[in-house]
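Put chain B on the given structure of chain A with help from the hints.
Which chain is which? The protein sequence lines are A and B, in order.
Going by numbering that gives the first Met the number 0, the letters in the first sequence line up with residues 0 to 120, in that order.
Going by numbering that gives the first Met the number 0, the letters in the second sequence line up with residues 0 to 241, in that order.
What the hints contain is simulated information worked out from the structure, not anything from laboratory work.
From a predicted model like this one, the values you see are computed outputs, not experimental measurements.
Glycine included, every Cβ here is placed at the ideal spot set by N, Cα and C.
Treat the hints with care, as some may be off.
Unchecked claim - Some chain A residues judged to face chain B by a derived CB distance under 7 Å, without partners named: (1) Gly26; (2) Leu76; (3) Gln98; (4) Val100; (5) Glu105; (6) Val107; (7) Gly108.
To be verified - To give an idea of the chain A side of the interface with chain B (calculated C-beta under 10 Å), a few residues: (8) Leu21; (9) Glu22; (10) Arg106.
Claimed, not checked - Per label pair, the in silico range of CB-to-CB distance: (11) A/Gly58 with B/Leu223: 34 to 40 Å; (12) A/Thr90 with B/Ala78: 57 to 63 Å; (13) B/Arg213 with A/Ala69: 24 to 30 Å; (14) A/Leu79 with B/Phe211: 28 to 34 Å; (15) A/Asp91 with B/Glu109: 31 to 37 Å; (16) B/Arg140 with A/Gly55: 49 to 55 Å; (17) A/Leu3 with B/Tyr216: 30 to 36 Å; (18) B/Ala78 with A/Ala39: 41 to 47 Å.
Listed below, chain by chain, are the residues.
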Amino acid sequence: MTPLRASIVGVIASLVLLVIVLELVRGRRLKERYALLWLATGVLSAWRGALNTIAGWVGVETYPPAVLFAVATLFILLVLLHYSTVLSSLTDENVELAQRVALLEERVGRPSPSEPRVPEG
Amino acid sequence: MTRTRIVAIVPALNEEGIIGKVVDEIRAVSPEIDVVVVDDASSDETAAVARSHGATVLRLPFNVGIGGAVQTGFRYALAEEYDRAVRLDGDGQHDAREIPKLLEPVERGEADLVIGSRFAEGEASYRPPFARRIGIRVFARLVSLLSGQHVTDTTSGFVALDRVGIELFAREYPHDYPEVEATLVALRSGLRLAQVQVEMRERETGASSITFVRSLYYIVKVLLALLVSSLRRYPRLQGTSR
Chain A
0 MTPLRASIVG
10 VIASLVLLVI
20 VLELVRGRRL
30 KERYALLWLA
40 TGVLSAWRGA
50 LNTIAGWVGV
60 ETYPPAVLFA
70 VATLFILLVL
80 LHYSTVLSSL
90 TDENVELAQR
100 VALLEERVGR
110 PSPSEPRVPE
120 G
Chain B
0 MTRTRIVAIV
10 PALNEEGIIG
20 KVVDEIRAVS
30 PEIDVVVVDD
40 ASSDETAAVA
50 RSHGATVLRL
60 PFNVGIGGAV
70 QTGFRYALAE
80 EYDRAVRLDG
90 DGQHDAREIP
100 KLLEPVERGE
110 ADLVIGSRFA
120 EGEASYRPPF
130 ARRIGIRVFA
140 RLVSLLSGQH
150 VTDTTSGFVA
160 LDRVGIELFA
170 REYPHDYPEV
180 EATLVALRSG
190 LRLAQVQVEM
200 RERETGASSI
210 TFVRSLYYIV
220 KVLLALLVSS
230 LRRYPRLQGT
240 SR
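Bound conformation, chain A alone:
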């Protein structure tokens, strides 16, 4: 059994996380698709019953919270991996934009303002 006080603290922490995530989405500072990940995190950490059930499934009998750490670690790794894929595609898109800017600037025939000028002759 999880001590009552620990449960209360856990639920409060989860609720705080949920409120922060919802607030970020409301203010359009977080995209819904990423918010889903964080909402799932908040719900899972608040839902103690699910934890004990999962512990039973994987055969952890002596110390159910160990499953929490395992799941939490795995979840964080997945979130980070997801960010790596997002970063990768952003990098590619960024490079392509830079390349198109270079081609367009050449076509327009105007050196970019950041370019140092050299006196002719």
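Coordinates of chain B only, in the frame set by chain A:
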């Protein structure tokens, strides 16, 4: 019959000391060749110097790395409908006088990609340091193994392409340390490869982009890229020059 349009793509990063000479040498080889310098956001006067020597300059708004810079040139060649592209470095290590030799197999319609190899005909006067020589050999063997074709020098940045090659590299080109992987991608896409013996010069100014510290990353990155590339599927391109 319209004349064959050729573009020389020269990636450059902080090469104001030599870029003018590089551009002049290419233009001296043939007035038919348009020179395009891709300035990878240099902090010096590279772009202005290249322009004053008659090159078209594509200036990237920020540094994207050698592969991204070179690809900018291929995209330009594709957009401007060039028939041939030659790529050579902005540091002067590739001898522009070798360009006609490099273009020969393309002109004869025998190849889509021509690599200026330092080892095509056995021993060359170019003798890189031992570790690098081993690296070049290992990559060449690996690419040969994975593509089923004998490749002697996959790390060379001195290459010529026909329209098919331009189209491929405009669409698909690795961003950092690109040469080895690009060679494999080209071969797996069905491009016809030719290798021509070229001499390379010692650098005159600047420093090689491959420092000792970066070597390890280079090796691991290229090995991983080769592995992943050989697992990917590439659409077979029509291996005929137009």
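Open item on the list: Going through the numbered hints above, which ones does this structure break? Give me the numbers in ascending order.
Closed with: Structure breaks hints 1, 2, 6, 7, 8, 9, 12, 13, 17.
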